[in-house]
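S.K.: One letter stands for each residue in the lines below.
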Amino acid sequence: SAVISQKPSRDICQRGTSLTIQCQVDSQVTMMFWYRQQPGQSLTLIATANQGSEATYESGFVIDKFPISRPNLTFSTLTVSNMSPEDSSIYLCSVEVPQGSETQYFGPGTRLLVL
Amino acid sequence: AQKITQTQPGMFVQEKEAVTLDCTYDTSDQSYGLFWYKQPSSGEMIFLIYQGSYDEQNATEGRYSLNFQKARKSANLVISASQLGDSAMYFCAMREGLPGGYQKVTFGTGTKLQVIP
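Each protein sequence line maps, in turn, to chains R and U. Going by my numbering, the final residue of the first sequence carries number 121, and the count climbs one at a time with no gaps. Going by my numbering, the final residue of the second sequence carries number 456, and the count climbs one at a time with no gaps.
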């Protein structure tokens, strides 16, 4: 498995501002993922972040709104830009650990409330 | 069509009893993986169990077992001897390959399990 931390754990932000969420892993991993979980909903993949290349965004998510950095094999950031109340969600970072099952392990999440 | 279907939005189980959470999936891939995650009210996603499409035996991890019926495309989670700490949301997920060698995990809508003392 992998130990994953996220900062901040929660935040309350004003609309129109931006928030950068950090994800740190205790081992080097190739694949990192960012998910959004809106209140009462399931997880939706925002983008896949590989070190040294541009993130791959899912349909409905764009780089201008959710810029991602992946400077090395243990760290990534997701920025939620120009926030609106609809961005209020839990944002989860996950990593894929190739142990035959290529299981994804998740960070504790960042709870974001936009007023 | 939904890739992962969980038809039970909520379930109740008596403490110490067994419970089955349903999951069906849809894929044309021959090679895929099925996962179950637990999400307590704290929000973290906890990996429980994995089943590969080529695995002939049903996966087991302690009190968790995965009832894999490939022909029916179902991957139900069985929790034996339920405990109060099992009360949580449970998500079924599937990893499949997409064009270009890209792998993606899709999650179901979840089942909220409540264990009754």
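FYI, nobody ran anything at the bench for these hints, they're computed from the structure. Don't take each hint at face value.
Using 20 Å as the maximum straight-line C-alpha spacing, the simulated SDA-like pairs for lysine to any residue come out as follows [stated by the list, open to error]: (1) U:443 to R:22; (2) U:355 to U:419; (3) U:443 to R:54; (4) U:443 to R:35.
Here are the simulated distance ranges between beta carbons [what the hints assert, rightly or not]: (5) U:401 to R:90: 18 to 28 Å; (6) R:94 to U:347: 43 to 53 Å; (7) U:379 to R:119: 13 to 23 Å; (8) U:344 to R:66: 42 to 52 Å; (9) U:369 to R:65: 39 to 49 Å.
Away from chain R, derived, C-beta distances all over 12 Å, residues of chain U [to be verified]: (10) 365; (11) 388; (12) 408; (13) 428.
Glycine included, every Cβ here is placed at the ideal spot set by N, Cα and C.
S.K.: Could you work out which of the previously given hints the structure breaks and list their numbers from low to high?
M.R.: Hint check: 1, 5, 6, 8, 9, 11, 13 fail, others pass.
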